[in-house]
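2 protein chains.
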Amino acid sequence: MTPDEFRAAAHELVDWIADRRADVESRPVRPNVVPGEISAQLPTTPPAVPVDAREVLSDLDGIVAPGVTEVQHPMHFGWFPSNASLSSVLGDFASSGLGSLGISWESSPALTEVEEVVVDWLRQLTGLDAGWHGVIQDTASSACLVAMLAARERATDHLQTTTGLGGLDQPLCVYTTSEAHSSVRKAALLAGFGADFIRLIDVDPTTRDMRADALAAAIAADRAADRRPTIVVASAGSTGTTAFDPIDEIVAVSAPQGVWVHVDAAMAGSALVLPEMRHLFDGLEGADSLSWNPHKWFGTILDCSLMYLRDPDHLIRVMSTNPSYLRSTAGGEATQYRDWGIPLGRRFRALKLWYQLRIDGIEAIRTRLRRDLDNAQWLAEQFRLLPEWEVVAPVRLQTVCVRHRPDGLDGDDLDTHTLDWVRRVNTSGSAFLSPSMLDDRWMVRVSVGVESTERRHLERLLELLSTATSPRS
Amino acid sequence: MTPDEFRAAAHELVDWIADRRADVESRPVRPNVVPGEISAQLPTTPPAVPVDAREVLSDLDGIVAPGVTEVQHPMHFGWFPSNASLSSVLGDFASSGLGSLGISWESSPALTEVEEVVVDWLRQLTGLDAGWHGVIQDTASSACLVAMLAARERATDHLQTTTGLGGLDQPLCVYTTSEAHSSVRKAALLAGFGADFIRLIDVDPTTRDMRADALAAAIAADRAADRRPTIVVASAGSTGTTAFDPIDEIVAVSAPQGVWVHVDAAMAGSALVLPEMRHLFDGLEGADSLSWNPHKWFGTILDCSLMYLRDPDHLIRVMSTNPSYLRSTAGGEATQYRDWGIPLGRRFRALKLWYQLRIDGIEAIRTRLRRDLDNAQWLAEQFRLLPEWEVVAPVRLQTVCVRHRPDGLDGDDLDTHTLDWVRRVNTSGSAFLSPSMLDDRWMVRVSVGVESTERRHLERLLELLSTATSPRS
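Protein sequence lines, in the order shown, are assigned to chains A and B.
Residues in the first sequence are numbered consecutively from 0, following numbering that gives the first Met the number 0.
Residues in the second sequence are numbered consecutively from 0, following numbering that gives the first Met the number 0.
Read the hints as simulated data drawn from the structure, not as lab findings.
Don't take each hint at face value.
For the chain B half of the interface with chain A, some residues (derived, Cβ under 8 angstroms), not all of them [unchecked claim]:
id, residue
1, I37
2, S81
3, T138
4, L164
5, L171
6, A194
7, I300
8, H313
Ideal Cβ placement from N, Cα and C applies to all residues, glycine included.
Working from the sequences, and respecting the hints, build out all of it.
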C-alpha cells in the first residue's frame, strides 16, 4: 500500500471512526450474537486476491463492528470502564504511524524518553514521591506477574541465577484476599509459588478490606512453620466491590519483615489524581510496587498499565539480558525498558498518554472522574430509596453493587432471580451490567464511569431495572 | 475531545503520517541524539492547561519524530526488519478506533472471532496442519515464556496447583544453544528453572545449528543424574547468524522422552509462507509450540507475534482463571483468549493482520520476501568478490554476516576495526547495521528486508562500507 493509497483510505477510516463514536448511543451496548456468528461471516480460507481498502472498511462496518461490545457506550456499566478518550486514540494513531520499534534505547530514543517523561508526569499527578520509577506495561496482570517475580528473586537472593525454585529450602508464601483480582492468583501460580502457599487473608465482612491483624498472624504462622513470607498483594479497589485493603497497616506489618508489598490499583488508581480520594491509598509510600491502568477509568486507550517501583535496579537485575546484538553504543546512562518487563519489543505507548494529557488536560479528566463519583453516590442513594433493592457493598468509588430482593427472596431462588434480570437487561442491548459473586451469592455490579455516561443515563438505567425486575417482564 | 475535534485532528495526522512515510529516505536512519536529549526538550512537570491538537502534532514533528530510529528506512539493516506495512497501520487504526476491550469473548465477540479466523488463515498460509491452534501474543519473548510455563506444568503434572516449584523432586532442564535469542534464557529464568539447568547444546561450527546428537547426549546425561528434561527451544533462524536448528532431529530425540519442543521462529517464520523455504522447518509438525512474528519481516506493525500450539487445552489449564465477574453467558463453546497467555486485557490485534492480508494480498508479500532473499544472496556474492571482506556465516535467509579484515587483521585489533567502521556508518545516519558476536569476536549483521529496500540501496550500502573501511575515512 503506497503512502497515497494509505492517505485516502485512512481519511475514510477516520470519518467512519468519528461518526461511529458520535452515534455510539444509537447502537446496542452488547451485540446480539452467539459464539461463532461473526467468524461464520468470514471466509475460512485466506484471501487469494487483494481488495480495495474500501471493501475492507465495508466489512469492518458490516461484519466486525456489529460484533463488538460497545464499551464506549454510555449505558455500559459492565466490568470496569474501558475508556478510549479520542485524544488518546489520536496518540495511538501517532504511535502506529511512526512505526517505530522499542527493543532498546537506540532502536527509538524518543520512545524511551517520552515514556520516561510521561510516567513521571503521572507520578507527579498521582502524588507519588520522586523515589518511584515508572514504566508502561500492557496490563495490570503482567505488572502483577513482574512484581511476583521481582519479589521471588529478592526473597531468594536471585535463586534463578543458580538452581531456580527447585533449590528452595523453604516454601515462599503469597498473601492476598478472596477479593483480589484473578490475575493475582494466576501470577502467583505462573511465578511458581504454588497454590498451597497462596494465603487468602480474612477480610472485614462489611468493607471486604484485608484485615491487617489477620495478615500479621498468617505471616507469623508461616514463619513459625519455616516458610518464607514473600509478597503481599494489596487490592486498592477490588474488582468485585471496590474494597480497599489498608495499605498503611499492610506495610507496617510487611516491610519490617522484608515482605514485598505490591499494590494492585488497576481500576482505582485513576482516583489517585484526585487529592480528596488520596486517603484511600494511605501508606502507598511504603510499598515496593504499584500498578494502575490508565486504560480503565482514566481514559487512555488499552493497553496502558502504569507500574511504579521503588527499586528498579533490582527489577532490572531480575529481567535483564544484554546480548551482543542489542548492546547500545549509548552506554550505561540510557534506560532500557526491555529490562523492566517481559517482552523485548515494545510499542510507543507513551504517546497515547502524552496526547491525552496535553489535549484533554488533567483538570478535565479530574472533573469527569468527580462527576462519576457523584453519579455513583447518587445512584446508590436511589437504590437505597427504592423498595426491594439493596446496596450490598460500600460505594467507595464509582461501582455500586446491588441485589433486587422481592418478598425476602433468598438462597438459590435469589441467585436465579438475579441472573434472570441481569440477563434480560444485557440481552436487551439497552444496558450492560456484570453479575459477580459476593458471599457465594450473585449480585450485580453497576460500574459507573464511561466517558459519555451522564446522570440521565443512570436515570434510564433505573427505569430499565424497574422493568427487568418487575414480575411481568 | 469531541468526535468532530478528533476528526479534524486525525485528518491532519494522517497527512503527516503519509507524508512522513513517503519521504522516509530523506531523513537519517538513526537520529544523532544522546541519552536525555529528547526528554530535555519536554517539560519536566505535567501540562497544566490543555492545548490544541495542532500544537501536539507540531511537537510530534519537531521533538518526537526526530528522535525515532527510522526502522522503515530502506537503509535500515539493523537487528531484524520491523516492517509496518501501511495496510497493517490502517488495521491498527481500525483497532484503536473501535476502542474495544478483549477480556473475554463477551467483551468483544468480534475481537476473539476475527483473531480465530486470521490466525487460522496464517496457519494455512504457513503450511501447518489443522492440528495447530493459534493465538496472537505481543512478542516472541512472551510466547517463549508461555511455552516454558506450559512445559513446566506438563513435566510436573501441574505442580503449580499444589506446592509449586519448591516441591520439585528433580530439577527441570531446558535445552537450547548459545545462538538462541536472549529471551529464551530470560524466559527460563523467569519460569523458575534456574540458570544451572539451562543447557547450551553444541552447535555445528559452520552453520551454528544445534547438534541433535549433542542434545540426545545432554538429555541422557540429565536423566542419568536424576534430572527431568523438560523443554527444548529450537531456534528456526537465530538472531545472530540465522542458524536453523534441525527441528526434525530435535523432535526425534525429544518427543519420545516427553520433552516439550518449542520452535522460536520469531524472524524466520515469515519464510514459512514460501513453499521453497519450507524445508528449513522440516519436522515442525512434531513440535509442541511455535511462535513467529508477523511484526518483523512479514510487515504487520508491532506488536503481533503468532503462537501455535498442539494442545491448547493444556495451556488453558495452566493459564485459566474463571472469576465470577468474567463468567460468560456464552457458555463453554466460546474461545477465551485470556487463558492462552499472561495478560487479561487484549487489544484487537487481529485487525492489522486482516487488513494487511486483504489489502496487500499474500502474493505481493511473497514477492517481496523473495526479492529480499535474492537481494541477500546478491549482497553476499558482492562481499565474496570484494577483497578484504568475509561472509562469516551461511546466508540462510536475508541476513548477511560480514567482517572486513584488511591485511589479515585479527584478535582485538580486528574487533576494534569492526566496531570503528560500523560506528562510522551508524553515526553517519546514512545506513544502520548491527554488530554482533560470533565466536567471541565482533562481526556485523546486514539484515536485509525492510519493505522499501531495493537493490539500489544495497549498492549504496556497499559504497558506504567501502568508504567507512578505507584507511583514510
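Going down the list of hints, with the structure as the test:
1. Checking I37/B against chain A: minimum C-beta separation of about 4 angstroms stays under 8 angstroms; hint holds.
2. The beta carbon of S81/B is positioned within 8 angstroms of a beta carbon in chain A (closest approach about 4 angstroms), and the interface hint is therefore held.
3. About 4 angstroms separates the beta-carbon of T138/B from the nearest beta-carbon of chain A, less than 8 angstroms, and the hint is met.
4. Checking L164/B against chain A by beta carbon gives a least distance of about 3 angstroms; that is within 8 angstroms, so the hint holds.
5. Interface hint status for L171/B: upheld, as the beta-carbon distance to the closest one in chain A is roughly 7 angstroms, under 8 angstroms.
6. For the restraint placing A194/B at the interface with chain A, the shortest Cβ-Cβ distance is roughly 5 angstroms, inside the 8 angstroms limit, so the hint holds.
7. About 6 angstroms separates the beta-carbon of I300/B from the nearest beta-carbon of chain A, less than 8 angstroms, and the hint is met.
8. Interface hint at H313/B: violated, since its Cβ lies 14 angstroms from the closest Cβ of chain A, which is beyond the 8 angstroms cut-off.
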